[in-house]
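2 protein chains.
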Amino acid sequence: MRRRTMTVVVWVLLVLIVGNPLGAAEPTKSEALSSWNDGPSKKSIVDFVERVTRDGGPDYVKPEERIATFDHDGTLWAEQPMYFQIAFAMDRVRELAPKHPDWKTKQPFKAVLDRDIKALAALGETGFLKIIAVTHTGITTADFTKSVADWIATARHPRFDRLYTDLVYQPMLELLSFLRANEFKTFIVSGGGVEFMRVFTERVYGIPPEQVVGSSGVVQFKLPPDGKPVLLKEGKIDFVDDGPGKPVGINRFIGRRPIFAFGNSDGDQQMLEWTAAGSGARFMGLVHHTDAEREWAYDRKSYVGRLDKAWDEAVRRGWTVTNMKTDWKKVFPFQP
Amino acid sequence: MRRRTMTVVVWVLLVLIVGNPLGAAEPTKSEALSSWNDGPSKKSIVDFVERVTRDGGPDYVKPEERIATFDHDGTLWAEQPMYFQIAFAMDRVRELAPKHPDWKTKQPFKAVLDRDIKALAALGETGFLKIIAVTHTGITTADFTKSVADWIATARHPRFDRLYTDLVYQPMLELLSFLRANEFKTFIVSGGGVEFMRVFTERVYGIPPEQVVGSSGVVQFKLPPDGKPVLLKEGKIDFVDDGPGKPVGINRFIGRRPIFAFGNSDGDQQMLEWTAAGSGARFMGLVHHTDAEREWAYDRKSYVGRLDKAWDEAVRRGWTVTNMKTDWKKVFPFQP
Numbered sequence: 001m002r003r004r005t006m007t008v009v010v011w012v013l014l015v016l017i018v019g020n021p022l023g024a025a026e027p028t029k030s031e032a033l034s035s036w037n038d039g040p041s042k043k044s045i046v047d048f049v050e051r052v053t054r055d056g057g058p059d060y061v062k063p064e065e066r067i068a069t070f071d072h073d074g075t076l077w078a079e080q081p082m083y084f085q086i087a088f089a090m091d092r093v094r095e096l097a098p099k100h101p102d103w104k105t106k107q108p109f110k111a112v113l114d115r116d117i118k119a120l121a122a123l124g125e126t127g128f129l130k131i132i133a134v135t136h137t138g139i140t141t142a143d144f145t146k147s148v149a150d151w152i153a154t155a156r157h158p159r160f161d162r163l164y165t166d167l168v169y170q171p172m173l174e175l176l177s178f179l180r181a182n183e184f185k186t187f188i189v190s191g192g193g194v195e196f197m198r199v200f201t202e203r204v205y206g207i208p209p210e211q212v213v214g215s216s217g218v219v220q221f222k223l224p225p226d227g228k229p230v231l232l233k234e235g236k237i238d239f240v241d242d243g244p245g246k247p248v249g250i251n252r253f254i255g256r257r258p259i260f261a262f263g264n265s266d267g268d269q270q271m272l273e274w275t276a277a278g279s280g281a282r283f284m285g286l287v288h289h290t291d292a293e294r295e296w297a298y299d300r301k302s303y304v305g306r307l308d309k310a311w312d313e314a315v316r317r318g319w320t321v322t323n324m325k326t327d328w329k330k331v332f333p334f335q336p
Numbered sequence: 001m002r003r004r005t006m007t008v009v010v011w012v013l014l015v016l017i018v019g020n021p022l023g024a025a026e027p028t029k030s031e032a033l034s035s036w037n038d039g040p041s042k043k044s045i046v047d048f049v050e051r052v053t054r055d056g057g058p059d060y061v062k063p064e065e066r067i068a069t070f071d072h073d074g075t076l077w078a079e080q081p082m083y084f085q086i087a088f089a090m091d092r093v094r095e096l097a098p099k100h101p102d103w104k105t106k107q108p109f110k111a112v113l114d115r116d117i118k119a120l121a122a123l124g125e126t127g128f129l130k131i132i133a134v135t136h137t138g139i140t141t142a143d144f145t146k147s148v149a150d151w152i153a154t155a156r157h158p159r160f161d162r163l164y165t166d167l168v169y170q171p172m173l174e175l176l177s178f179l180r181a182n183e184f185k186t187f188i189v190s191g192g193g194v195e196f197m198r199v200f201t202e203r204v205y206g207i208p209p210e211q212v213v214g215s216s217g218v219v220q221f222k223l224p225p226d227g228k229p230v231l232l233k234e235g236k237i238d239f240v241d242d243g244p245g246k247p248v249g250i251n252r253f254i255g256r257r258p259i260f261a262f263g264n265s266d267g268d269q270q271m272l273e274w275t276a277a278g279s280g281a282r283f284m285g286l287v288h289h290t291d292a293e294r295e296w297a298y299d300r301k302s303y304v305g306r307l308d309k310a311w312d313e314a315v316r317r318g319w320t321v322t323n324m325k326t327d328w329k330k331v332f333p334f335q336p
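So the sequences go chain by chain: A and B.
Numbering (my numbering) for the first sequence: 1 to 336.
Numbering (my numbering) for the second sequence: 1 to 336.
For reference, chain A alone in the conformation it holds in the complex (with noise of 0.2 Å):
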């Protein structure tokens, strides 16, 4: 009983010092979506967590279950006018470029250095995979994982002048805190590399690597000589995390199906689909890009993000379509 004594003494103190240690971290109400204007989308939501987290209720989901899973690029973050590791892999070209003298003559790299993104384009994939293998391979992980924090910290996206990272959604910021405050998990489930994301998505969004899906390379353990193990990037395609990959990888690497998933683009159709499928309630969110002013607007003929398929089986199905123009009231964390 002595203990238990020094035990109460020991919260009220920490209490009435920093507050609740517990419930003060995230807030738990549906008041902590402020960025989110009172509609069907912000409805949804909260719905849901309630139906689900109403212990003794015909929905309630143990905390264990609550997986929740969120596409990266387009859902969490921007990804115009294109991916954010294609930035980092024209820039990374760049930043080569002077060991490689050969490259400014030689394409894809040419066109990097000239900055002739028509031309890249029309070099298409073949082009993209050239970059992809000069840019993340070859080298360590540990090497890989030092560009990518380098890159993070100081580039600037073009129309923006900010750091990558402040293109975050804040609305999905308060989303991810708020579900974390209800005891779901969240995790990224992206078509990005995995090791690209793992570097800032614990600062950034609070989701730490081990809860981080990605496409990735094959690695290769080795021995040096001098005793120290490396693990060495290799040219080769392991896995690609999109489409019919997104539940492979939720079942690879979580193995548990989510019962909340949110996207933006035809690349997360599977997911919403394997997430709908379980029993129980369910949660289906896509993200649609519809703000030209504060962010972009583009759904069915984009190049990037394209929502279509999935756009067509949301509606059919009754699944949350997030209107970025009209259900956020702020996009950005620096927007007024």
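These aren't lab readings, by the way, just hints derived from the structure by calculation.
You can't tell identical chains apart in this list, so a pair holds if it fits in one copy or across any two.
Result set (EDC-like, lysine to aspartate or glutamate): computed pairs, CA atoms no more than 20 Å apart in a straight line:
| id | residue 1 | residue 2 |
| --- | --- | --- |
| 1 | LYS222 | ASP266 |
| 2 | LYS185 | GLU64 |
| 3 | LYS329 | ASP166 |
| 4 | LYS228 | ASP312 |
| 5 | LYS110 | GLU95 |
| 6 | LYS228 | ASP266 |
| 7 | LYS185 | GLU65 |
| 8 | LYS185 | GLU202 |
| 9 | LYS146 | GLU65 |
Please read these numbers as outputs of a predicted model, since none were measured by experiment.
With chain A held as given, fit chain B onto it using these hints.
Frame of chain A, contents of chain B only:
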């Protein structure tokens, strides 16, 4: 201020009624390791945990970096007379046999049905892979999970006549709890099939599916005409999480280097090397099976769980080698 006062009242009541809800779940002190004798193994574990959790100390590690990885077979549960997943596969062959009358005369199935271990061993890896193929592939992930769940709830170990999940090591269960109470995140990193282990790791070890890394086969997303998507396990091996595959699996699934790793065989050597190669305080441990009476005794010459090169390296580098016979008061929870 009124809200804080309310919070205080609620906390005081909670603490009085049920004890401190933050600290009560798992014991943080070394007395938690009650099945460990006071010897070098227990001392090295407790010393390490105290060093990395001492706030402001030279070896302090932030909770989010406290990643602990455990091999499964032979480290958390037994692996004799054969890996338990092989016992599952053989039982499943017997279960499926009525639908395959040709198996009565066709190897390797005949050997399984005749319980002819010698013939089976003679068929080697080819025979083994055929058994895995018919028992682990060509079915949906949901059906496979069900077949494992049914088996693990009923199948009994030949020597102890107990459920296989009874053959977990009591001292390791205590170690997992002790680490989690000290804000470690515990992972399994095993050569076993990831979808096999995930069926029971949360219940048995308190390790949720998303913290289990293992070997896997290729899985395909299929959306049949009736519109209910499934994941189909195909006959192709995707990833072997053993030996040098363990640091690769750790990098792929966890994305952080462990500071604590425990194994029992040469298949764990690279995981321990990878753990050791990080900066700051590190713990590397091996279970040495020395107790033929309470469990089994095997090491350098064993076909299952061979401990040879990893043992030499552990001795050379001063890693912890746990002697089952002298370090553990009790092996299995059911033993006195």
